[in-house]
Amino acid sequence: MEVEGLHHHYGSREALAGISLEISRGEIFGLLGPNGGGKTTLFKILSTLMSATGGIVRVFGHDLVREPDAIRRHLGVVFQHPSLDSKLTVMENLQHHGHLYGLRGTALHTRAEALLERLDLDERAHDRVETLSGGLRRRVELAKALVHQPDLLLLDEPSSGLDPGARRDFTNHLGQLREQDGVTVVLTTHILDEAERCDRVGILHRGKLVALGTPDDLKARLGGDVVVVQAMNPHGLQVKLRERFGCEPALVDGSLRVERPRGHEFVREIVDAFPGEVQSVTFGKPTLEDVFIHLTGRRLWGEEMNGGGAA
Amino acid sequence: MRGVVLPVMTLCWREIVRFRRQRSRLVGAFVQPLVFWLLLGGGLRASFQPPGTPPGTSYVEYVYPGIIAMVLLFTAIFSTISVVEDRREGFLQGVLVAPVARSSIVLGQVLGGTTLAVVQGILFLVLAPAAGLSLTVASVLSVVPVMFLVSFGLTSLGLVIAWRLDSTQGFHAIMNLILLPMWVLSGAFFPITGVPAWLGWAMRLNPLTYGMAALRRSLYLGNPLAAGAVPGLASALGITLVFCLLAFIAAADAARRSAA
Ligand SMILES: Nc1ncnc2c1ncn2[C@@H]1O[C@H](COP(=O)(O)OP(=O)(O)OP(=O)(O)O)[C@@H](O)[C@H]1O
Ligand SMILES: [Mg+2]
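Same order as they appear, the protein sequences are chains A and B. First residue of the first sequence: 1, per the numbering used here; consecutive thereafter. First residue of the second sequence: 312, per the numbering used here; consecutive thereafter.
Derived by calculation from the structure, the hints in this document are not laboratory data.
Only pairs whose alpha carbons sit at most 20 Å apart, straight line, appear in this in silico SDA-like list of lysine to any residue:
#, chain 1, residue 1, chain 2, residue 2
1, A, K87, B, T479
2, A, K87, B, V338
3, A, K208, A, G11
4, A, K87, B, W324
One chain only, chain A, in its complex shape:
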């Protein structure tokens, strides 16, 4: 899949501001991004639901705008919002979906049953969707996206609402699909654990791809350690830290974060310099969350300081 200079505007609001990326066959690609970052917009375009206001997308060598049908049969999509018919049973939903892709009869039925079993839904196969819990419905959505054995899966927050066990099963299942059938997976998530398991991760912020690489790459790029400081007066300490050490501490959820090489030494320096003000200091190797905060959190903070407020 190749995306080149993809733009999208909703009226005057720019949701995607020029995205370019390539995803190869059999890759599991994770998209991270804060709410409103443009992930769903990108998915709607990739899934042929909406045409972009500018840019080129090619999937399996087909142009998304000119040959949507050639692409559609290879796509399996899980939307962020539910797409099941609540008046139909679980099985009926899967069968209806299969029919749309030209599947029928026992082949379809066997396939649907196997999926339901795999997703631990076999007991509910003949219940109407409206009687299922949110997490169970989510699993049906996943089953539905897999019925027609797609080559490219687009999953918009597939695991939202799933319990940890189901989430692990599902991630493993994606791994298997990739190993056995060479399925390509593009997913969005807010769960860092899930992002860590992707081959590559992109961070989408304000419609721009602000980072792209393997999880290890991204973490290595931060360099050194992440030091987190809890303080009585974080705003005051933020200014003082900046003056004293010339660093740019980010204020996230009431605590201050600084990326520094040799974090353990910095911890001591902070405690020595502001003994009364610091409640606790921790440091560790950066996680994807740190990368995420580094790339998106600081930006938010910067605007707050300028009185932008809209963050």
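Let chain A serve as the given structure and place chain B with the ligands on it in line with the hints.
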């Protein structure tokens, strides 16, 4: 071929299953016209001898074919509302990313709505004796396909609107503005004979007038006098057929333009 038939069938089947599982729709589409018929027929029977019909034709009888058209209209409206709901509830997204032509999606929806309407119309035929109408086998065989055509046209027309809207409120507003006046001005309610010229023209331009005429001609097959002063069966069917085609093309076009 299979690539078209299977999706169309499954979409149509879904409309029917959904209808069966929503009791309130049954009431809306069947009981409401029935009540209407009793009230209108009962209320206007004494004061109104429909002009253009043979002497002795009661208003209950006159309005009976009109009420059948109303059953078809209401069912069509309810099925098109389900498209608006499908979009709001997200179901439509899943259909739109499937490798199915927009026109096939629309055809499935239209056939679903039409099937429901025809079944309800047939149920209503059972009440013909209460209207003082004795049906023959020939007239039933003629009226069923006519009901099919009329519902096909009305459902398609409803879909032209539904595919452009994302709220059911909006749909109700437009329905009151377009679909109900179409019914009132179709000859269902009062005949064209003796109305002011401008109203006569509105009725002549109304496509449902011809569907209504085809219904009357079929119900009174072999008894053209009793059908009253309406267009003949052949021309009424011809115009209805053209209307169906145009409405379907417009609905498929609306679907193609719509971004989910
Ligand atoms: N239909 C729409 N009309 C107008 N603006 C929209 C529409 N859909 C999304 N937007 C705007 O586009 C931007 C990107 O939204 P998008 O839904 O792609 O974000 P997201 O990354 O999926 O967020 P989330 O994590 O909350 O799902 C947001 O500013 C949003 O308000
Ligand atoms: Mg989203």
